[in-house]
Amino acid sequence: MKKYIWTRLLKSIISILIVVSIVVIMLYTLIPVSKIFENDPARQKLKTNYKTVYTYSRLEDLGYLDYYTIGEMCLAKDSQDINACITAGSDENIRVLNEFEADGFTVEKLQQFDEMQGNSIAYRYYGVLELLGNFYKKLIVIDHPFKIHDPKNPDMERGYSIGLDHNNVPAIKCSGCEYKYQLYFNTSFPFIHTNALKLNFGISYPTNAGVPTMDVISTGQGTMDSFEQTFPTGEVLKSPILQHTCKYKYETDHLDQKRFDDNYANCALKYDSPSMIQTSYIFGISSLILAYLISLPYAIAMARNKGKFVDKSGIVLINILIAVPSLALIFFVKYIGFAFGMPDKFPQLGFTNIKSYILPIIILALLTMPSLMMWVRRYMVDQSNADYVKFAKAKGLSKKEISRNHILKNAIIPIVNGLPSSIILAISGAVITESVFSIPGMGKMLPDAIKSTNNNMVITLTFIFTSLSILSVFLGDLLMTFVDPRISLNVKEGDK
Amino acid sequence: MSEEKLINEDSFTFYKVDDSVSEVISAPEYSYWKSVFKTFFSSKIAIIMLIIVAAVLLMSFIHPMISGYDNQDMSNINNPSEWFLRPSLKHPFGTDDVGRDLFDMVWAGARTSLFIAIMATVITTVIGTIVGMFWGFSKKVDIVMIEVYNIISNIPFTLIVMIISFTLKAGIWQLIFALSCTSWISTAYFIRVQVMIIRDREYNLASRTLGSSTTKIIFHNILPYLISVLVTSISRDVPHFISYEVFLSFIGVGLTERVASLGRIVQTNAKYMQSAPYMFVLPVFVTALISISLYIVGQTLADASDPRNHMI
Numbered sequence: 011m012k013k014y015i016w017t018r019l020l021k022s023i024i025s026i027l028i029v030v031s032i033v034v035i036m037l038y039t040l041i042p043v044s045k046i047f048e049n050d051p052a053r054q055k056l057k058t059n060y061k062t063v064y065t066y067s068r069l070e071d072l073g074y075l076d077y078y079t080i081g082e083m084c085l086a087k088d089s090q091d092i093n094a095c096i097t098a099g100s101d102e103n104i105r106v107l108n109e110f111e112a113d114g115f116t117v118e119k120l121q122q123f124d125e126m127q128g129n130s131i132a133y134r135y136y137g138v139l140e141l142l143g144n145f146y147k148k149l150i151v152i153d154h155p156f157k158i159h160d161p162k163n164p165d166m167e168r169g170y171s172i173g174l175d176h177n178n179v180p181a182i183k184c185s186g187c188e189y190k191y192q193l194y195f196n197t198s199f200p201f202i203h204t205n206a207l208k209l210n211f212g213i214s215y216p217t218n219a220g221v222p223t224m225d226v227i228s229t230g231q232g233t234m235d236s237f238e239q240t241f242p243t244g245e246v247l248k249s250p251i252l253q254h255t256c257k258y259k260y261e262t263d264h265l266d267q268k269r270f271d272d273n274y275a276n277c278a279l280k281y282d283s284p285s286m287i288q289t290s291y292i293f294g295i296s297s298l299i300l301a302y303l304i305s306l307p308y309a310i311a312m313a314r315n316k317g318k319f320v321d322k323s324g325i326v327l328i329n330i331l332i333a334v335p336s337l338a339l340i341f342f343v344k345y346i347g348f349a350f351g352m353p354d355k356f357p358q359l360g361f362t363n364i365k366s367y368i369l370p371i372i373i374l375a376l377l378t379m380p381s382l383m384m385w386v387r388r389y390m391v392d393q394s395n396a397d398y399v400k401f402a403k404a405k406g407l408s409k410k411e412i413s414r415n416h417i418l419k420n421a422i423i424p425i426v427n428g429l430p431s432s433i434i435l436a437i438s439g440a441v442i443t444e445s446v447f448s449i450p451g452m453g454k455m456l457p458d459a460i461k462s463t464n465n466n467m468v469i470t471l472t473f474i475f476t477s478l479s480i481l482s483v484f485l486g487d488l489l490m491t492f493v494d495p496r497i498s499l500n501v502k503e504g505d506k
Numbered sequence: 006m007s008e009e010k011l012i013n014e015d016s017f018t019f020y021k022v023d024d025s026v027s028e029v030i031s032a033p034e035y036s037y038w039k040s041v042f043k044t045f046f047s048s049k050i051a052i053i054m055l056i057i058v059a060a061v062l063l064m065s066f067i068h069p070m071i072s073g074y075d076n077q078d079m080s081n082i083n084n085p086s087e088w089f090l091r092p093s094l095k096h097p098f099g100t101d102d103v104g105r106d107l108f109d110m111v112w113a114g115a116r117t118s119l120f121i122a123i124m125a126t127v128i129t130t131v132i133g134t135i136v137g138m139f140w141g142f143s144k145k146v147d148i149v150m151i152e153v154y155n156i157i158s159n160i161p162f163t164l165i166v167m168i169i170s171f172t173l174k175a176g177i178w179q180l181i182f183a184l185s186c187t188s189w190i191s192t193a194y195f196i197r198v199q200v201m202i203i204r205d206r207e208y209n210l211a212s213r214t215l216g217s218s219t220t221k222i223i224f225h226n227i228l229p230y231l232i233s234v235l236v237t238s239i240s241r242d243v244p245h246f247i248s249y250e251v252f253l254s255f256i257g258v259g260l261t262e263r264v265a266s267l268g269r270i271v272q273t274n275a276k277y278m279q280s281a282p283y284m285f286v287l288p289v290f291v292t293a294l295i296s297i298s299l300y301i302v303g304q305t306l307a308d309a310s311d312p313r314n315h316m317i
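Chains as they are written, first to last, in our numbering: chain R, 11 to 506; chain X, 6 to 317.
No wet-lab data here; the hints were simulated from the structure.
No residue lacks a Cβ here, since even glycine has one placed at the ideal position from N, Cα and C.
The reader is advised that the hints may include incorrect statements.
Claimed, not checked - Negatives, chain R to chain X, calculated, CB over 12 angstroms:
1) S236
2) P242
3) D272
4) K410
What the hints assert, rightly or not - Covered by chain X, according to a simulated footprint, are these stretches of chain R (three or more residues, beta-carbon under 8 angstroms):
5) 33 to 41
6) 330 to 337
7) 452 to 463
8) 470 to 478
Work out the full structure: start from the sequences and follow the hints.
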């Protein structure tokens, strides 16, 4: 069993890496570069050579190509006489340009009429392997005590220590790392947190430009939420600062010095509304609970009264829910809900009003219900023909007893198998529902990111969705062996 | 005295012995397809739905030819008297914000959507079945394919459609390509499971012992068994693809303004849900009608094509 889990885990990780690699390659090689700048207002305002230079430096930031201005080229080729080198047409200049051309760069002379006219630039698009190499090189960021090198603070202590945080809870602190708290506990899920290992998917662009993609989806939304807290200097203040997230700050101002006794003053802030992930999760989980609460009893009743009215009406319901296009169903429910005074967009009443949640949750539940009902009924009906049920009948057990104690226990196994994936995948949000109700969640993010060619965001979301779905299938299998010990995932000798 | 009739050799003729007659087992005649139709037409709902399907198919393939509807024809754009007309005899579904006839538009859209859904289903089913057969049959293929499945089924679907529409330009065939590109693997997976269930049955074992090749076992022993499963999967796929086209148009991927499709109509008219509900409700109703009727006909046909349902 142990061996199976390890190989399966390894395989899962490889699968995730392959999916992400494929997506990286597809995004960087198949989408035309011109698409990227369609939503960039900064570039539209620029003219002449500035536009060209901006385009290439942007593409370099986004990881498409390697870009050099003439000054950078001279430095890269160890030019002795920089002034001669940057003068167009000089021997030194021509030598450097030729060397760059020999390295596979495209050297371009800026043609348009302005002060940069005549200067040369060089760029080279990355190949497939280089793209992947660059992506994985910066993906995993490990924090360590020798990370920060501040010329103003040359002899800072370096090392880990165990101490109390501002809530008087033990935590592992670090001096010299980028983050002050390496391991800490708090009341929010999953209760134990670390800053030592971070995944870096790059920055979001052109929407939320400049913010790391992970922060875009995981930072709270809305306005800042101040709360009473004690700072390391002993100051008690109402502030939105989350002290656990503090990073090293090179230039501290007097406000920072008032609150913190060291340089770790660059902190994240608390917001009053949940982040995109949390928003999607709230909707996903509540709709899932609603769906299970309705479909499980209904499906069990259907299987128990097979062929009777309950069963037939249930089948009609399932068929209609499956056949009607989901968009039509969403608009239909929304239309009815509107007549009952429900808001037709989420932001109308916002996060605080319960009314904003009702319609989306009902819709999401209606979308998950048909397949759930169909399968539970199927399993129950299949089990009811099994020999052990006939035997139980022969023993004289009542129908109710058989159904509850015998059939349900066996039929629940495949349902248990699907449970983790439905819980975990509830996080990925519902694309259409979130768009229709303008819910600020993660489900809406993927099509939005694709449309605005926000490559890093697409990769981030792909990574999250892929890992979640692969791991949830794995968890489902493990849970199934736990519920039913007869099931073994090991490949036995003699199996074909 | 009457003449006596003599029985002699001339009274008899030779009768040719036909060996094949003795081979016939006297049992009620059974024809597979006849039984399928008999079972199918015994359901009243299925007949009604079949009539609706036929009407929808005819309407969507003939009506656009008669009306000659062109989605880019906006001749009434400057004629406010033709805008937002309520349903009437002249315009059964009313007109939209630029004076286009909604009835013509819906059927032109239905043709596009149906065409996309049917083509995608055909491609997916053919590729999926062939791959799924070999996938389920060979354990060596299974080891590789299950990993491929893990990978392909996890690439976000919208991503592939977007990239294809960026690189190949948006269009009907590109959309069909994009839809089939990712869907075949789930059909193949579905078939794989079915094949795995029946591959080790005794009759296949017997067939193998008698020396049948793998291909022969797959196409002669297993494929006929899968007909009802396949019909079920097809009847799920067509409404699914219609739904998906609607979804893609809604999030702004897929087709361009040049062609009408149900998805585009629903998407553009959604904003009139409160002010001019007919513009939104009628296309949604037609979309739902097409999906439901196709689905129920398919499901009944799937039940009917299972020989176990033929016994009376």
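Taking the hints in turn, this is what the structure says about them:
At roughly 38 angstroms from the closest C-beta of chain X, the C-beta of R:S236 stays outside 12 angstroms, upholding its exclusion from the interface. No beta-carbon of chain X is positioned within 12 angstroms of the beta-carbon of R:P242; the least distance is around 44 angstroms. Look at R:D272: its CB is around 43 angstroms from the nearest CB on chain X, clear of 12 angstroms, so calling it non-interface holds up. Once the 12 angstroms rule is applied to beta carbons, R:K410 is consistent with being away from chain X; the minimum gap is 30 angstroms.
Proximity of the segment 33 to 41 of chain R to chain X, defined as three or more residues with a beta carbon under 8 angstroms from a beta carbon of that chain, is established by the 5 residues found. Counting residues of the segment 330 to 337 of chain R whose beta-carbon sits less than 8 angstroms from any beta-carbon of chain X gives 7, enough to reach three: the coverage restraint holds. Given a C-beta distance limit of less than 8 angstroms, the hint that chain X covers the segment 452 to 463 of chain R holds, as 4 residues qualify and 3 suffice. Using a Cβ-Cβ cut-off of 8 angstroms, 4 residues of the segment 470 to 478 of chain R lie near chain X, which meets the minimum of three, so the contact claim holds.
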